[in-house]
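*Asks:* Here the working numbering is used: the first residue of the sequence shown is -17, the next is one more, and so on.
Since the hints were derived computationally from the structure, they do not count as laboratory data. Beta carbons are placed, not taken as given, at the ideal position from N, Cα and C, and that holds for glycine. Possibly wrong hints are sitting among the right ones.
Unchecked claim - Ranges of calculated distance between the beta carbons of each label pair, as one might list FRET restraints: (1) G228 with Q267: 33 to 41 Å; (2) P115 with R275: 18 to 26 Å; (3) G379 with E357: 18 to 26 Å; (4) P350 with G200: 51 to 59 Å; (5) E181 with E293: 20 to 28 Å; (6) E8 with A92: 40 to 48 Å; (7) G94 with G9: 43 to 51 Å; (8) E229 with G200: 51 to 59 Å; (9) Q131 with G50: 30 to 38 Å; (10) P147 with R261: 22 to 30 Å; (11) V(-5) with T35: 32 to 40 Å; (12) R275 with E229: 20 to 28 Å; (13) E293 with E229: 27 to 35 Å.
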Amino acid sequence: MELTGRGKTLLVVSVVVGLTALAVGEGDLLRAALLAAITPLGGLVLLRWTRPTLESNRVLNPPQVEAGQSTQVRLGIQNTGRRRPPALMLEDRIPYRLGNRPRLVLERLAPGARSVVNYTITPGTRGAYELGPLTVRTADPFGLAVSVQEFPITTELVVTPRIQPLSSLLLPGGAGMSSGESAAHAVAITGNDDIAVREYRHGDDMRRVHWKASAHRGQLMVRREEQPWENNAAVLLDVRRGAHRGELSSFEWMVDAAASATVRLARDGIDPWLITAERDFECRQGDYSQALRYLATVAAAPEAPVAHMVEQAQRSRSVSGIVAFLGHLTPEEGAALGRLAKRGGHCSALVVDPVRWIPKAPTGRIDPREQVFAEQHRAAVAALANAGWQVIPVVAGTELRRVWPRLGAWRTLA
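Whole structure, please, built from the sequences with the hints as guidance.
*Replies:* Have a look at this one:
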């Protein structure tokens, strides 16, 4: 408990007036000064007597939202003491990016009573935000003294990237591939020999022999029944800090795009597999919550080599397609990514154009470093295209929903 600014001012003025009254011998003025000095001190005594014993909780509905959507925060306050306190002023501490701190007034709570107050926040950017602690202030009737209680419990609000509405990439009519020979038309990111067949081993059932593959390889080959084909797709996200432009605005574009692609593929019945140089998430049976949770907080990393992302991708079995969201590339990085495209399939890369992401005013001369930078990137893009990738350049202002249909039609398993 402490005096407010008003209470401190009144106390100081009372002391000054009292000393003046003593100096000039004014008894009435001295009594008035004493009465004025007692008032804020009496406020402290009153607050100590009526100080409430409170319990608090905070509930978010929902606890995870998309950027631009609203969530409701419910604060529950219960008076567990035996006294009825004055009105309560609630202030919930929230990050500045979520707006001003909400301040709410709660009327006098009877002993044992519980009350709930609500406020709404609409986060504009992705991230994980801590709401709290909650501060409860109680003041005396004249506002001369205040009692402050802080409830240290915090609640996490997860804000996922904005999900853009994308069209389906599935063929009309639900046309699909069988899980047998036609699975070879998909992308085998673990190597040429890890698609649908393997070498014959002693004891293998002869009914599993794949005669077409055996004739092509010149040795007996059997179907890989222990690794059944799965209808999934890899979504690659480049998180290298140095690969993005516009104070990482291109990185934020890529994060939103990767989240939108993950959700769209899952809704199409394709299990997306989100891959970065640091982590990977398999989204099975339409559950992409963990992937979105990761994308809510992913940050550009100074060290996240493309080779690590390729290694992550090569751990998987065959997938029906790859969608990559990439920043600036060197020819070596383009060649490494090119090796992921095996035996056809849909391999698409949306690549940031490092030179044209933010147009620059013409100066009449060309920066040699920019020229080398651009030449490296063009060579990398050419390596991707030569390996069979479909490459779509991305500049500032590009709308994913407009370039997404250019990825072509996908097929699902029958």
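*Asks:* Please test the hint of 20 to 28 Å on the beta carbon pair from R275 and E229.
*Replies:* holds, 25 Å
*Asks:* Does the beta carbon distance between P115 and R275 stay inside 18 to 26 Å, or does it fall outside?
*Replies:* Roughly 24 Å apart at Cβ, these two residues keep to the hinted range, so it holds.
*Asks:* Does the beta carbon distance between G228 and Q267 stay inside 33 to 41 Å, or does it fall outside?
*Replies:* Because 37 Å falls inside the window, the suggested range holds.
*Asks:* Taking the CB of E293 and the CB of E229, does the distance hold inside 27 to 35 Å?
*Replies:* Hint holds: Cβ distance 29 Å, inside 27 to 35 Å.
*Asks:* Using the beta carbons of Q131 and G50, state whether their distance is inside 30 to 38 Å or not.
*Replies:* holds, 34 Å
*Asks:* Does the Cβ pair E8, A92 satisfy 40 to 48 Å?
*Replies:* holds, 47 Å
*Asks:* Do E181 and E293 keep their Cβ atoms within the hinted range of 20 to 28 Å?
*Replies:* holds, 25 Å
*Asks:* For P350 and G200, compare the CB-CB distance with the range 51 to 59 Å and indicate the outcome.
*Replies:* Taking Cβ atoms as reference, P350 and G200 lie about 53 Å apart, which means the hint holds.
*Asks:* Would you say the C-beta atoms of G94 and G9 sit inside 43 to 51 Å of each other?
*Replies:* Cβ of G94 to Cβ of G9: about 49 Å, so the range 43 to 51 Å holds.
*Asks:* For the range 51 to 59 Å, tell me whether the beta carbons of E229 and G200 fit it or not.
*Replies:* holds, 57 Å
*Asks:* Does the Cβ-Cβ separation between G379 and E357 fall within 18 to 26 Å?
*Replies:* Once the Cβ atoms are compared, 24 Å apart, the range 18 to 26 Å for E357 and G379 holds.
*Asks:* Per the hint of 32 to 40 Å, is the separation of the Cβ atoms of V(-5) and T35 within bounds?
*Replies:* holds, 34 Å
Hint compliance for this structure: no hint is broken.
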